[in-house]
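Read top to bottom, the protein sequences are chains A and B. Quick note, the first sequence lines up with residues 1 to 462 if you use our numbering. Quick note, the second sequence lines up with residues 1 to 462 if you use our numbering.
Derived by calculation from the structure, the hints in this document are not laboratory data. Be aware that one or more of the hints could be misleading.
No copy labels: a pair is met if it fits in one copy or bridges any two.
[As the list claims (entries may be wrong)] Calculated pairs, BS3-like style, for lysine-lysine (alpha carbon to alpha carbon, straight line, at most 25 Å):
1. 368 - 211
2. 305 - 368
3. 368 - 107
4. 265 - 123
5. 353 - 163
6. 163 - 356
7. 143 - 453
8. 368 - 23
9. 123 - 210
Owing to the predicted nature of the structure, the values given are computational and were not obtained by experimental measurement.
There are 2 protein chains.
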Amino acid sequence: MWGIILNHNSEIGLARQIFLSFKERILTGQIGPGETLPSTRELAKGLDVSRNTVCDAYDMLWTEGFIITHQGTPSRVADGLQIHPVRRNEKVRKTDKNKPIIVWDFKTGQPDLELFPWQTWNKIISNAADSLSKRQLEYSGPKGYETLCEEIAHWLLRSRSMKVDPEDVFITSGATQALHLLVDILYKEGHTFALENPSHPGIRTVISDKKYNFHLMNVDSQGADVSSLNGKNISAVYVTPSHQFPLGGILPATRRADLIRLAMKENFYVIEDDYDSEFRYCGSPVSPVYSMNSSHVIYVGTFSKTMFPALRLGFAVLPKSLQNKWKHYRNYMDVQNPILEQAALTEFLRQRKMDKHIRRMRHAYGEKRNILLNSLKKAFGDSVCSWGDASGLHVALQFPGYEFGGQFILACKNAGIRVFPLTKYCFSRNDHRDKLLLGYGHLSSTQIQEGIKVLQQLIMGK
Amino acid sequence: MWGIILNHNSEIGLARQIFLSFKERILTGQIGPGETLPSTRELAKGLDVSRNTVCDAYDMLWTEGFIITHQGTPSRVADGLQIHPVRRNEKVRKTDKNKPIIVWDFKTGQPDLELFPWQTWNKIISNAADSLSKRQLEYSGPKGYETLCEEIAHWLLRSRSMKVDPEDVFITSGATQALHLLVDILYKEGHTFALENPSHPGIRTVISDKKYNFHLMNVDSQGADVSSLNGKNISAVYVTPSHQFPLGGILPATRRADLIRLAMKENFYVIEDDYDSEFRYCGSPVSPVYSMNSSHVIYVGTFSKTMFPALRLGFAVLPKSLQNKWKHYRNYMDVQNPILEQAALTEFLRQRKMDKHIRRMRHAYGEKRNILLNSLKKAFGDSVCSWGDASGLHVALQFPGYEFGGQFILACKNAGIRVFPLTKYCFSRNDHRDKLLLGYGHLSSTQIQEGIKVLQQLIMGK
Numbered sequence: 001m002w003g004i005i006l007n008h009n010s011e012i013g014l015a016r017q018i019f020l021s022f023k024e025r026i027l028t029g030q031i032g033p034g035e036t037l038p039s040t041r042e043l044a045k046g047l048d049v050s051r052n053t054v055c056d057a058y059d060m061l062w063t064e065g066f067i068i069t070h071q072g073t074p075s076r077v078a079d080g081l082q083i084h085p086v087r088r089n090e091k092v093r094k095t096d097k098n099k100p101i102i103v104w105d106f107k108t109g110q111p112d113l114e115l116f117p118w119q120t121w122n123k124i125i126s127n128a129a130d131s132l133s134k135r136q137l138e139y140s141g142p143k144g145y146e147t148l149c150e151e152i153a154h155w156l157l158r159s160r161s162m163k164v165d166p167e168d169v170f171i172t173s174g175a176t177q178a179l180h181l182l183v184d185i186l187y188k189e190g191h192t193f194a195l196e197n198p199s200h201p202g203i204r205t206v207i208s209d210k211k212y213n214f215h216l217m218n219v220d221s222q223g224a225d226v227s228s229l230n231g232k233n234i235s236a237v238y239v240t241p242s243h244q245f246p247l248g249g250i251l252p253a254t255r256r257a258d259l260i261r262l263a264m265k266e267n268f269y270v271i272e273d274d275y276d277s278e279f280r281y282c283g284s285p286v287s288p289v290y291s292m293n294s295s296h297v298i299y300v301g302t303f304s305k306t307m308f309p310a311l312r313l314g315f316a317v318l319p320k321s322l323q324n325k326w327k328h329y330r331n332y333m334d335v336q337n338p339i340l341e342q343a344a345l346t347e348f349l350r351q352r353k354m355d356k357h358i359r360r361m362r363h364a365y366g367e368k369r370n371i372l373l374n375s376l377k378k379a380f381g382d383s384v385c386s387w388g389d390a391s392g393l394h395v396a397l398q399f400p401g402y403e404f405g406g407q408f409i410l411a412c413k414n415a416g417i418r419v420f421p422l423t424k425y426c427f428s429r430n431d432h433r434d435k436l437l438l439g440y441g442h443l444s445s446t447q448i449q450e451g452i453k454v455l456q457q458l459i460m461g462k
Numbered sequence: 001m002w003g004i005i006l007n008h009n010s011e012i013g014l015a016r017q018i019f020l021s022f023k024e025r026i027l028t029g030q031i032g033p034g035e036t037l038p039s040t041r042e043l044a045k046g047l048d049v050s051r052n053t054v055c056d057a058y059d060m061l062w063t064e065g066f067i068i069t070h071q072g073t074p075s076r077v078a079d080g081l082q083i084h085p086v087r088r089n090e091k092v093r094k095t096d097k098n099k100p101i102i103v104w105d106f107k108t109g110q111p112d113l114e115l116f117p118w119q120t121w122n123k124i125i126s127n128a129a130d131s132l133s134k135r136q137l138e139y140s141g142p143k144g145y146e147t148l149c150e151e152i153a154h155w156l157l158r159s160r161s162m163k164v165d166p167e168d169v170f171i172t173s174g175a176t177q178a179l180h181l182l183v184d185i186l187y188k189e190g191h192t193f194a195l196e197n198p199s200h201p202g203i204r205t206v207i208s209d210k211k212y213n214f215h216l217m218n219v220d221s222q223g224a225d226v227s228s229l230n231g232k233n234i235s236a237v238y239v240t241p242s243h244q245f246p247l248g249g250i251l252p253a254t255r256r257a258d259l260i261r262l263a264m265k266e267n268f269y270v271i272e273d274d275y276d277s278e279f280r281y282c283g284s285p286v287s288p289v290y291s292m293n294s295s296h297v298i299y300v301g302t303f304s305k306t307m308f309p310a311l312r313l314g315f316a317v318l319p320k321s322l323q324n325k326w327k328h329y330r331n332y333m334d335v336q337n338p339i340l341e342q343a344a345l346t347e348f349l350r351q352r353k354m355d356k357h358i359r360r361m362r363h364a365y366g367e368k369r370n371i372l373l374n375s376l377k378k379a380f381g382d383s384v385c386s387w388g389d390a391s392g393l394h395v396a397l398q399f400p401g402y403e404f405g406g407q408f409i410l411a412c413k414n415a416g417i418r419v420f421p422l423t424k425y426c427f428s429r430n431d432h433r434d435k436l437l438l439g440y441g442h443l444s445s446t447q448i449q450e451g452i453k454v455l456q457q458l459i460m461g462k
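In isolation and in its complexed conformation, chain A is listed as follows (with noise of 0.2 Å):
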């Protein structure tokens, strides 16, 4: 009890021996000052000794002045007597000094949460809190909760022309999870994933952790190259057909039913990730591949970019054929998600709060993003190109010309401002050499100009 051991063979007295425990406490600051000391009797209990015991021990305390007492109230470790520095202070100068300081940074995939509508939010999550029930406080299952996955269906409706089954609707710990299970979901002997280059190095990271085969499909600005798959032996392939990351391209009608129709023939399966398409700018919203075919596409969405991060919620739209396997999977991988988070979005959903965000998210970030295109169009002239700009929170830059090495990104990184060289989401170092890729979302219009100007001159050298 209180990390106290006591030794009953040492010839040092249990009293004293309590009292040493206490004392190195207090000194190191694992014991602060004006926090209480448990009861005599409590104590007396915890450690199987006679109550006299401690009290002698808590009279030594207090006669060297490391507590406080007053009959009738718990003793209370007095003040400044703690020599070393708490842990907390030392973390958080030693992470600071090591941080380099960047003030422009053009980080992908980070939404702009000064404009979440936080207060909505804590409300709803603060209702949720008091009125879930005691068995949605234990295991529910590793398909997630039953409400919000009809929900999710509702608002793939809405939001994107998507006709889905709640049942077929699995809730995960983000995108990233999906991915991973279904890399082993998906994994068969003797056969490859088939993967964008570029691409989001997640799912390559897990498929090369585990050894697994993969090929890569060349992107251009209309997205994946699928008739490089035919022959192969796929297992399954992996696009982001309406917005490439990091390209920008929308696939087109006939690359997509080329890929389903390969799919079919080959019997392997799409992982469709829609990671931002919430976030068009210009024409209508681009209907997802699985509205093409729902038994061999599976669609993966995330809340990370419409809400933040930190909520942890994605979902995969699986098809029957792999949902008894996915269960057992996330049921030995985590069980499921926290049931808090499920049941505030079930409301945030809805609600229609989600739908007002999206709207308003929309329009803000379109405007970052004219701002964004107008800044370049001022600092770069016709000397540079945008990639699919159409849609998302970021955009990829082509410098025809130049190259972009590990020189150019610590000149940025001493000029403040850090941009990602799109050689990063490359299988090799000398693919797109000359481009550079900038997320946007989540900088202020200022932040954006100032950094395009020192990025000019960081490129142009002016």
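Mind docking chain B on chain A? Use the hints.
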């Protein structure tokens, strides 16, 4: 938008297409009575059609009585239009029908949620939600919330006399995720995992799914027989030394020393799963194997039993040698836990609410345990002996001469009682056939007494 896809080449006019889409959604209940339709301006923009077209569509809906419109207020869906019942009702009926009526459910690992301080917890939750910073709502990395790691280190010292560096504490989604990650991290080609037999099926399932080898250690009343490890090519050993699951033995100091010596000699890791040592009813608390050697022992803890399962919070205390690999794997598995529960648990520990709750529960569970043991004595006299009843929320019962198989379990089900034959946790269905496992922590005194009476009738046929 709103799942409406317009076909510009159809001979059906655009307004009529919009009308029909809404009509279908209203009749199927996808848009419920009283729900507001988007404004004509908004919808026209979303569908990229003239506002007149939308107004015509709304007029049709109004004329046919699908919506109610008042000057200046948004159009709402009229009542009593829905033809098909909404899925939710269907589901409730379905699940209820399939569920067998179990009156006395002696399932294991289930805490008593009635006694959890919900008011305190929910208050802490909503305070935490209000006080989270924007940065905390972004991705904060795979280790977990630093302040929580510190509070857990303090808690381990107070509750188990464990001295732990917060730098070594890694937050997980329950112990399940910790064990899943450890299998990936500790796998060594040509080596084998060692498990207790009987044991919780969790980690064994993960290992079998990955087709990794495992060696089974027999378990007696003192826990695992570690001597069988000699000469095997071990990559990691999974043990439950404080309260073997399910047989309840405490691993004696000599076996612990042997295990550690071997781990250091052969350089493998010991996974110590401490799932319920908070609840010890007699004698002084069992100190963890981790305290003997922190370089070769991984300590895994959970809050599913001390708090509640749907919280999804646990942790692992990791040797430095494994920390980078852990971070990598967790990062690509699901990145991190949600921040909200982490921040709230930090406060729950900091304010010592946990200490108070555990004291209360130890007392409550202790009473239930006495009631269980007395009822057993009364019902079975000397023909039953109980294993591992000195701590935890379950007990293993041995009925020498009896054999519990599928027949018996079916009889139990029909009698409205659920108990588990111990063979369920054995690798071979022939081991421990004379034992039953009963979880009692979540049951009321009456339920326990009644349940044991029913069990008596089933076993003694009285």
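Up to 25 Å between alpha-carbons, please classify residue 305 paired with residue 368: within, between, both or neither. within (16 Å within a copy, 48 Å between copies)
How would you label the pair residue 163, residue 356 (within, between, both, or neither) given a Cα cut-off of 25 Å? within (21 Å within a copy, 50 Å between copies)
My question is about residue 353 and residue 163: at a cut-off of 25 Å on alpha-carbon distance, are they close within one copy, between copies, both, or neither? within (21 Å within a copy, 47 Å between copies)
Please work out whether the CA atoms of residue 265 and residue 123 approach to 25 Å or closer within one copy, between two copies, in both situations, or in neither? neither (50 Å within a copy, 56 Å between copies)
At most 25 Å between alpha carbons: which applies to residue 123 and residue 210, within, between, both or neither? Close neither inside one copy (43 Å) nor across copies (43 Å); limit 25 Å.
Give the relationship of residue 368 and residue 23 under a CA distance limit of 25 Å: within one copy only, between copies only, both, or neither. neither (58 Å within a copy, 37 Å between copies)
With identical chains, the pair residue 368 and residue 107 could be close in the same copy or across copies; at 25 Å between alpha carbons, which is it: within, between, both, or neither? Answer is within: at 15 Å inside a copy they meet the 25 Å cutoff, but 55 Å across does not.
25 Å Cα threshold - placement of residue 211 relative to residue 368: Neither way: residue 368 and residue 211 sit 41 Å apart in one copy and 51 Å across, limit 25 Å.
Evaluate residue 143 and residue 453 at a C-alpha cut-off of 25 Å and name the case that applies: within, between, both or neither. neither (48 Å within a copy, 36 Å between copies)
Comparing the model with each earlier hint shows violations of hints 1, 4, 7, 8 and 9; every other hint is respected.
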